[in-house]
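The lines below spell out each chain.
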Amino acid sequence: MSRPPRWTEWPLRAALPEGPEGLSALGDLREEFAEMSRRRPRALAVLWYWQCCLRMAVWYGWARARRRESRGEAVRAWLNEVRIASRTLRRDPRRNAVPVLVLAFGIGLSALALTLLRETLLASYPFPAADELHTLWATQLDLDRPQVSMSLAEIEDYRRESTVFPDIGVVRPDFDAAVTASGDADVVKLAFVNSGYFRVLGVPPALGRYFSAEEDVGTGAHPVIVISDRFRRARLPDVPDPLGEEIEISNMRFSVVGVAPPEFFGPETVASPADIWVPVTMSPPFLGNNIYENRAERVFWTVFRASSPGELERVRLEAAPVSARLAVEYATDHDGWGVRTVPLREFVDGSSREGAIRLVVAAAILVLLVSCVNVASLRLISAQQRTAETSIRLALGAGRGAMIRQHLAESLIVSTLAGAIGVALAAALVGALEGNVALPLPAHAEIGLDSTSMLIALALVLGTGVVVGLVPAAAAYRAGAAPSGLLDRVQGSRGGVGKATRRWVVAAEVAGTVVLLQIAFATLEGFRQVTRTPTGFETTGLLTLRLDLQDGRPAPSDSAALATYFSNRWERRRQLAVQFADRAPGLPGIDAAGVWGPSVLGESAWHARVIRGDLDPNDARNIEISQRHSITPGALAAAGIPIVAGRDLNRADATDSIPGVVVDEAFAEHYWPGESAIGRVFFTLGGTRQARVVGVSARARHRGRLSPENEVFGDIFFPYDYWPTPTASIIARGPGDARTRLGSVQALLAEIDPTVGIYDVSPMERRLERQESVIRLPAFVMSVFGMIAIVLAATGILAVVNHTIQTREQEIGLRRALGLDGARLFSTLLGDAVPAVVAGALVGAFTGAAAGSRLVTATTVGGAAIGMPWSAVAAALAGTVLVASVAGCLPVFRARRLSPARLLRDG
Amino acid sequence: MGSNKILGSFEQMVLLGVLKGGDAAFGLEVRRILEEDGRRSVSRGAFYTTVDRLGDKGYLTWHNERGDAERQRMPRRRFEVTAEGLEALRDARGVMDRLSAGLEDVLQPA
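Keeping their order, the protein sequence lines are chains S and W. When you line the first sequence up against my numbering, it's residues 1 to 907, in that order. When you line the second sequence up against my numbering, it's residues 1 to 110, in that order.
Hints listed in this document are in silico derivations from the structure and should not be mistaken for laboratory results. These figures come from a predicted structure and were not determined experimentally. One should not assume that every hint holds.
What the hints assert, rightly or not - Cβ-Cβ distance ranges computed for the label pairs, FRET-style:
| # | chain 1 | residue 1 | chain 2 | residue 2 | range |
| --- | --- | --- | --- | --- | --- |
| 1 | S | Gly61 | W | Ser9 | 17 to 27 Å |
| 2 | S | Glu18 | W | Glu80 | 36 to 46 Å |
| 3 | W | Arg98 | S | Ile84 | 50 to 60 Å |
| 4 | S | Glu18 | W | Asp105 | 44 to 54 Å |
| 5 | W | Ser9 | S | Pro93 | 55 to 65 Å |
| 6 | W | Glu80 | S | Trp10 | 24 to 34 Å |
Said to hold, decoys possible - Which stretches of chain S does chain W cover? Using the computed rule of at least three CB atoms under 8 Å from a CB of chain W, they are:
| # | stretch |
| --- | --- |
| 7 | 30–38 |
| 8 | 728–737 |
Every residue gets a Cβ at the ideal spot worked out from N, C-alpha and C, and that includes glycine.
Produce the complete structure using the sequences and hints provided.
Take a look at the structure:
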């Protein structure tokens, strides 16, 4: 005899009419199944049976709806149940407030997390045919560098020789500049773009126009800009028509020709969203050298369209011979290099803290699930305490449908109240976060509660209402299906309805809590590891600020004049640095100071292509990438980085035929392992220049604590005089509060060069904190989620044990009177809960260590990989079991204090 | 006769199937007759909701019999057409006969 699996019948059983009518239809179907299993493999027969059940369930549901005399009857039936449910809930408002609050946390946090998900990973990009957009990157696979920006010259080569993309957008992102608009000066992000950038993205301007093809030609000839909607609202709020408005960028005047729409963003979003787009032809005064010809200046990103996979494949196929030709023609700059394409969506999303967002969303949904389980448990207990009432209703002729409706109505009322409180909670949370915390989100995401968030919350309310109502509803269904036990329940005998369900509920709650706590502990551990990583800097009392060293004169268009122009600019920067480094130490509050280009703490890192001295400088395969800095003598000491071998830089190092440089320990160990690096010569600038090591500095994390330590193999410190970068930081150390040094620094800079712009003034400690804020938020959120989960678990276990005691008061009283001691009482009362807690804890630990570990390990929160340490698993287990034990033991302690006589009397 | 008493074509077929089934007019048998003699596929959902509806209308009645092991003891219904059902069937057939009278040439199979 072949019997179909029970689960296949669930939908049909719910839809079938009660009594022999329904059962005979089911019997017919089972008979057919038996016949089918004889003719076909069981799996196919089960599949057939399941689809028959589903189809019949639909038919019965539809027929029932049609049979009702009118829709009004159903509505009246539901309204009646809602009325009964509200009356029931009002009877014990204090007890019913618990599930409402529990669910409010779950719904509120989940609504917020799902809104976050919608705004970020699921957001449709505001570009026509967004999936056609791709980015092109240089690769240097030998050195494990799969995604490198490109030089303008090579982009032009690929564009010219490809038949597929006649148009390609070019952008040099993330350039800080001092901007004066409406009389106020501030630092904003510039992006240098060509006219193709806007054409390729295909979003029309909100006002005015974008750049024309004519503006792609003629260095310095087009002082025009396009501004972002954000910039317009923040900086030109009172200007009705910003077109034609004059805006000063680094002392140069530009005219606004267009305003981008509010939702506009491009690939530069990944670096940081631009506020002003400037034509590439206007970039030489800012970027500091001839960006059109220098193939080593790989600072540009690209975006292009490929309308089909075939077209994308052609881009790749056509690019290969171009790479090969460039490797031969420009071996120094192109040998060993290739290109690859990356979809724009993957590039932007992949770089926008995707892992952190997934982690927070997964955790919020886990909190919701734990809340649901918790509330389901509380509702089940409440339903059990009302078995007498249920039995009377059944005895008076109420059908199973009415009982199920009553429980669903109660749950929906609870979830609706919880939804209202949850949304208010989420709104308060958004309000508290806004403006106070830098959320690690992509630039195009705006998190706030809008009508869609309300719809999400409504869906959660309905979903959770039905889910948490199903457990007591199923108990009511079983009660109705087994009328033989009715009398027992009316007489007050506590049958086993829901006992197994309660165990499952406790186990699920504990499992969910252990998983959440593991994730929370792992995230906190990652955060702790990051913040405890030594930077190598001495941050106390160290003031940092950044300088804008543009001089405001537009670059000339002919190449001879351009050379003089750059030479003058270099000389000006050099003079400023030399004078500052000489005069600053000794000023009030300043013990040591220096100039550090392009910026301290890697906010604008520059790479150096170096070749070891004993290798062939003409062989591009020998090139390795390190990070370069330009500093004045004493700057390392001012930053608290000791020289461990040799000496610090001095003024003569810049003018020697082979300039003297300081390298860090990692660089020295990489090139000359186990040997002294002092006096060693190596090649820089891709083999065209040489440098001699005069000192070795201690290792420091020049790109901050979050950046991977092996990103580059070492750091080189050139004399600032030798390589005066167009942007630089000032560092100044002294006693007391770092900010007290600002006055002296400002006065000295104004005296040396009144045109120099100062921005981003910040103590070093604050600068590090700012970098680490991207991991602080997920760590904080996960801790809050973990705490909520543990409170939920405690509430659930407390309620279950309490309920067990209440239902067994008479028995307890009797056994106590017969001499039951405290230990036996514990084992009697906790006998149900302990196996459930242990099972739940073990399942949670394994799930957390497997799935949770994958989630957390795959997550790079702000660049720092976080694994699932065993300490997190152990701490989560210990924490949950401890809280579960306390929550379970408290009611038992209370029961121990009650007199057996009273228990027998009241039970 | 109220509108709910009007027999639909599928209801007529079910009543005829039950009549044809005679003493063995169980659910599965009647559905088999409808599929074979009616030369159409009959959905289970449509069949069972129709017999229930005919029961509500008073045209069909049934006796519950104990099911065997193959049905896991689920009861089986043996259907019977009531006198009222028979009358309704006759009425429906009379209507069809009156309407088709004189159309023999058109309705005759080609």
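Each hint tested on the structure:
no., hint, verdict
1, Gly61(S) with Ser9(W): 17 to 27 Å, "holds, 23 Å"
2, Glu18(S) with Glu80(W): 36 to 46 Å, "violated, 22 Å"
3, Arg98(W) with Ile84(S): 50 to 60 Å, "holds, 54 Å"
4, Glu18(S) with Asp105(W): 44 to 54 Å, "holds, 53 Å"
5, Ser9(W) with Pro93(S): 55 to 65 Å, "holds, 58 Å"
6, Glu80(W) with Trp10(S): 24 to 34 Å, "holds, 32 Å"
7, 30–38, "holds (count 4)"
8, 728–737, "violated (count 0)"
Hint compliance for this structure: hints 2, 8 are not met, and every other hint is.
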